[in-house]
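Peer 1: The residues making up each chain are set out below.
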Amino acid sequence: MTNSINELENDSKCIFLIGTNTTENHPVIGYKIRQNVLKNGAKLIVADPRRIELAELADVYLPFQPGTDVALFNGMMNVIINEGLADREFIENRTEGYEAMAEVVAKYTPEVVAEICGVDAEDIRKAARLYAESEAAAVCYAMGLTQHSTGTDNVKSCCNLALLTGNLGKPGAGVNPLRGQNNVQGACDMGALPVVFTAYQAVTNDEARAKFEKAWGVELSGSNGLTLTKAINKAHEGEIKGMIVIGENPMVSDPDLHHVEEALDRLDFLLVQDIFLTETAKKADIVLPGVSFAEKDGTFTNTERRVQRVRKAISNIGDARQDWEIICDLSTRLGYPMSYNSPEEIFEEIRTLTPSYAGMTYARLEGKGLPWPCPTEDHPGTPILHKEKFNRGLGLFHAIEYIEPAELPDDEYPIILSTGRSLYHYHTGTMTRKATGLHEFMPENVIQIHTALAQAKGIVDGEVVRVSTRRGSIDLKAEVIDGIREDVIFTYFHFAEAAANQLTNSDVLDPVAGIPEYKVSAARIEKI
Amino acid sequence: MDIKLTIDGKEVVVPQGTMLIDACRQAGADIPTFCFDPDLKLAGSCRMCVVQPKGWRNLVASCVTPAQNGMVIETESPDVIEARKVVLELMLARHKLTCHTCEKDGECNLQDYCYRYGVTESRFVGKVHSLFKDDSNPFIERDYDKCVMCTRCVRACDEITGARAINVMDRGHHAKIATSFDGELADSPCVFCGQCIMVCPVGALSSKIAAGKGKPAQNEKVLTTCTYCGTGCTLELNVKNDKVVGVTSNRDPEWSPVNRGALCVKGRFGWDFINSPERLTTPLIKENGEFREASWDEALNLAAQKIKGIKEGYGPDSLAMFSSARITNEENYLAQKLMRAAIGSNNVDHCARL
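Taken in order, these protein sequences are the chains called U and S. Just remember that our numbering sits 6 ahead of the position in the first sequence, which is counted from 1. Just remember that our numbering sits 24 ahead of the position in the second sequence, which is counted from 1.
I should point out that these hints are in silico values taken from the structure, not numbers from a laboratory. It cannot be assumed that every hint is accurate.
As the list claims (entries may be wrong) - For lysine-lysine, the following DSSO-like pairs were computed, each having C-alpha atoms within a straight-line distance of at most 30 Å:
{"hint": "1", "chain 1": "S", "residue 1": "K245", "chain 2": "U", "residue 2": "K318"}
{"hint": "2", "chain 1": "S", "residue 1": "K267", "chain 2": "U", "residue 2": "K440"}
{"hint": "3", "chain 1": "U", "residue 1": "K220", "chain 2": "S", "residue 2": "K332"}
{"hint": "4", "chain 1": "U", "residue 1": "K45", "chain 2": "S", "residue 2": "K200"}
{"hint": "5", "chain 1": "U", "residue 1": "K236", "chain 2": "S", "residue 2": "K335"}
{"hint": "6", "chain 1": "S", "residue 1": "K245", "chain 2": "U", "residue 2": "K374"}
{"hint": "7", "chain 1": "U", "residue 1": "K374", "chain 2": "S", "residue 2": "K267"}
{"hint": "8", "chain 1": "S", "residue 1": "K267", "chain 2": "U", "residue 2": "K318"}
{"hint": "9", "chain 1": "U", "residue 1": "K440", "chain 2": "S", "residue 2": "K157"}
{"hint": "10", "chain 1": "S", "residue 1": "K232", "chain 2": "U", "residue 2": "K440"}
{"hint": "11", "chain 1": "S", "residue 1": "K335", "chain 2": "U", "residue 2": "K45"}
{"hint": "12", "chain 1": "S", "residue 1": "K151", "chain 2": "U", "residue 2": "K483"}
{"hint": "13", "chain 1": "U", "residue 1": "K440", "chain 2": "S", "residue 2": "K310"}
{"hint": "14", "chain 1": "U", "residue 1": "K288", "chain 2": "U", "residue 2": "K318"}
{"hint": "15", "chain 1": "S", "residue 1": "K151", "chain 2": "S", "residue 2": "K200"}
{"hint": "16", "chain 1": "U", "residue 1": "K440", "chain 2": "S", "residue 2": "K245"}
{"hint": "17", "chain 1": "U", "residue 1": "K240", "chain 2": "S", "residue 2": "K335"}
{"hint": "18", "chain 1": "U", "residue 1": "K220", "chain 2": "S", "residue 2": "K330"}
{"hint": "19", "chain 1": "U", "residue 1": "K393", "chain 2": "U", "residue 2": "K176"}
{"hint": "20", "chain 1": "S", "residue 1": "K264", "chain 2": "U", "residue 2": "K374"}
{"hint": "21", "chain 1": "S", "residue 1": "K264", "chain 2": "U", "residue 2": "K318"}
{"hint": "22", "chain 1": "U", "residue 1": "K236", "chain 2": "S", "residue 2": "K332"}
{"hint": "23", "chain 1": "S", "residue 1": "K267", "chain 2": "U", "residue 2": "K288"}
{"hint": "24", "chain 1": "S", "residue 1": "K264", "chain 2": "U", "residue 2": "K440"}
{"hint": "25", "chain 1": "U", "residue 1": "K217", "chain 2": "S", "residue 2": "K332"}
{"hint": "26", "chain 1": "U", "residue 1": "K217", "chain 2": "S", "residue 2": "K245"}
{"hint": "27", "chain 1": "U", "residue 1": "K395", "chain 2": "U", "residue 2": "K19"}
{"hint": "28", "chain 1": "U", "residue 1": "K240", "chain 2": "S", "residue 2": "K332"}
{"hint": "29", "chain 1": "S", "residue 1": "K335", "chain 2": "U", "residue 2": "K220"}
With the hints as extra help, turn the sequences into a complete structure.
Peer 2: Below you can see the structure in the form of structure tokens.
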């Protein structure tokens, strides 16, 4: 997030939610948005193919067709430019590339966009005016915006909208990705990515590499590595021979599980470090028992970039070991000795190599934590990014044309399948399905289907139906609802025995980010 | 503008508009409350916080009475004590006194105040009707026979979570907290966040997941960060005999900067996977398609040997690592360091895209 979570409750005058079912996936952020609307009268715009809970409170609800995000953003920007609502001063002083963007956007009139997105042109105008006329407007998004073959374009469009209206660098505004996993921000910050070291220092940058080579005392590779989705494909092709998987469950979370299983089966060696014998661990040659968050000290970094302490509450279970100790021990046996006395000692090393964390110490993190960048020990942390200038200097507009999703419905697969999470479960269910209350409350998967589609197919609520895509079929209980587009069906991906990702597509990835197109698969639903 | 008043003989200066309760607390007085909650709208209903302004005819509820310039307040006068005792006796008249098996034993306002004022039983004997109702949800236990009708749960549901699942139903002796049409929570807009448990001053609301495992007052509480979504909520793991037996939360923004004590169903009730018998407790090595238990030395040596073999045979880029968005920063740092420095490849990623 460019801004911080509590601004959404106290400072935002307008909140635009696109591709985030906030009350289910980030419930506490959802409460805050709801309170801002109810108590302070903040305006709310919701764009989602499903009528999510917060849509009930929205001033404008746009039930747009999955995968048409760029068109929707361009349509809103078209209205903002034509009605003179753009922030001219901000564009003049803080941005570049406006002309090229405006030229593309000119084609996307509300009427053209209404046709593409399947929403009212008037609602697009209303949303654009609400957002642009508010003193501080925040956009929040999650995987609903990013898990598309055009995910990167979608995010850039989101930035265009904020730049056009000067909604960056001030309280209550910003471009705010709500990240789905407790330390996904931290894992990225720490360089658990194939192209960067910590703090996004590129592995291809000679200077950065020299710095890490010096600190680590070893020569490092300067060529970009493989993303997770590409690594699976390369394993399938036999080029990747061995894998180390720590606390991940690609056998449930990755696209096209049949393909994943084949890929893992082709490996010469698979090492899994986890707290449960997950579907992925079952495929391993060696399984090493790590520990849960309750058994460890360290830090997590949340979606607003706040680094906070994790504190050990209980001892290791059985003969399990601290994950950092396992990594050190393995590294040492690989001939590269690693030795630390505590997570704090590791953090001290991180600080020396990571400019955005340089000013943090465990003592400083004790109470409220600190949002990065925090470059020096007297720096208070940075709740709001881009206040005076952007990292590159001027904010860059991108001219982006709408491109259709890679997999479109046809006669054989006439509807769109989308996937996501429930309030009651988390990711691949490794933890929540073993939490007694959560499992009891939601023991199995369902497929959500609109009443009209159900009637046309003769499907009744609670009936087990077959959902198929070009990858395969799964049988699921139908949940017949009104709050979803008639041409869209939705299921959860938490359930290994009825795994949504048997249906999703691993062939199509966003060309830049390598993210799979989870929100759009051409599908068919039928009675059994 | 500031005003001046005298509380228990002590002079205090407060801004105009300050409620008496805050002025009294500023003067060091210990004002007992049930319905008052600094984060919620004022109810002014329990009368426990009454104080005596000199020259006034009545005692006043300090939580809803603004301080006035020149006021002289007594917070523990005989009249005040008598009034508070009556309030406690009225509550006891419909309170199931099963403190020995109560989850809130040791951190219950009713228990503490009865102790403080020596109230052992109620003079008000009469018809007691049990409002017992079984709600089949797996998370929240509501014991109507312990409810003091402070309505903090109603206000927290509305003002923190915004679910608006519960409200007061009926009046007088029959009044109780209920969902619309007195149905089950699962059929209401309840999202099982448990904010109602967090604010309940007595044992009327408690966690079914933690029930019987350890009384929160006796548990060690370890403040940490939630393991689920990216919001970064702070919560307290309750520990007894080296086992996690519950989750509570700290509402102080200095310690809970993001969520201020508010949690969701996963944070508050999704913790018992920690104690699952399915947890891995020893290294495993697969032989002929079956796992067998192994020592750390054996498992790590074999892993190192396999990884080295692949690296030597096919080069470092024939290996890949998936690190994790669930492990700490320190562990992610070491994981990528292992992949880059020990193995020599940048093939490290995690589930950020999934």
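Peer 1: Has the given pair, K220 (chain U) with K332 (chain S), been kept, meaning a C-alpha gap of at most 30 Å?
Peer 2: Holds: K220 (chain U) and K332 (chain S) sit about 24 Å apart, inside 30 Å.
Peer 1: Within a Cα-Cα threshold of 30 Å, do K267 (chain S) and K288 (chain U) meet the stated pairing?
Peer 2: holds (27 Å)
Peer 1: Given the hinted pair K240 (chain U) and K335 (chain S), is their Cα-Cα distance within 30 Å?
Peer 2: holds (16 Å)
Peer 1: Quick one, are K232 (chain S) and K440 (chain U) close enough, alpha carbons at most 30 Å?
Peer 2: Given that 30 Å is the threshold and the Cα spacing comes to 16 Å, the pair holds.
Peer 1: Given the hinted pair K288 (chain U) and K318 (chain U), is their alpha-carbon gap at most 30 Å?
Peer 2: Holds. K288 (chain U) to K318 (chain U) sits at ~28 Å (cutoff 30 Å).
Peer 1: Within a Cα-Cα threshold of 30 Å, do K220 (chain U) and K330 (chain S) meet the stated pairing?
Peer 2: holds (28 Å)
Peer 1: With the threshold set at 30 Å, check whether the alpha-carbon distance from K440 (chain U) to K310 (chain S) stays at or below it.
Peer 2: holds (24 Å)
Peer 1: Is K374 (chain U) close enough to K267 (chain S), meaning Cα to Cα at most 30 Å?
Peer 2: Holds: K374 (chain U) and K267 (chain S) sit about 26 Å apart, inside 30 Å.
Peer 1: Please work out if K217 (chain U) and K245 (chain S) have their alpha carbons no farther apart than 30 Å.
Peer 2: violated (42 Å)
Peer 1: Would the pair K217 (chain U) and K332 (chain S) pass a check requiring their Cα atoms to be no farther apart than 30 Å?
Peer 2: holds (26 Å)
Peer 1: Given the hinted pair K240 (chain U) and K332 (chain S), is their alpha-carbon gap at most 30 Å?
Peer 2: holds (19 Å)
Peer 1: If you draw a straight line from the CA of K335 (chain S) to the CA of K45 (chain U), is it 30 Å or shorter?
Peer 2: violated (60 Å)
Checked against the numbered hints above, the structure breaks hints 11, 12 and 26 and satisfies the rest.
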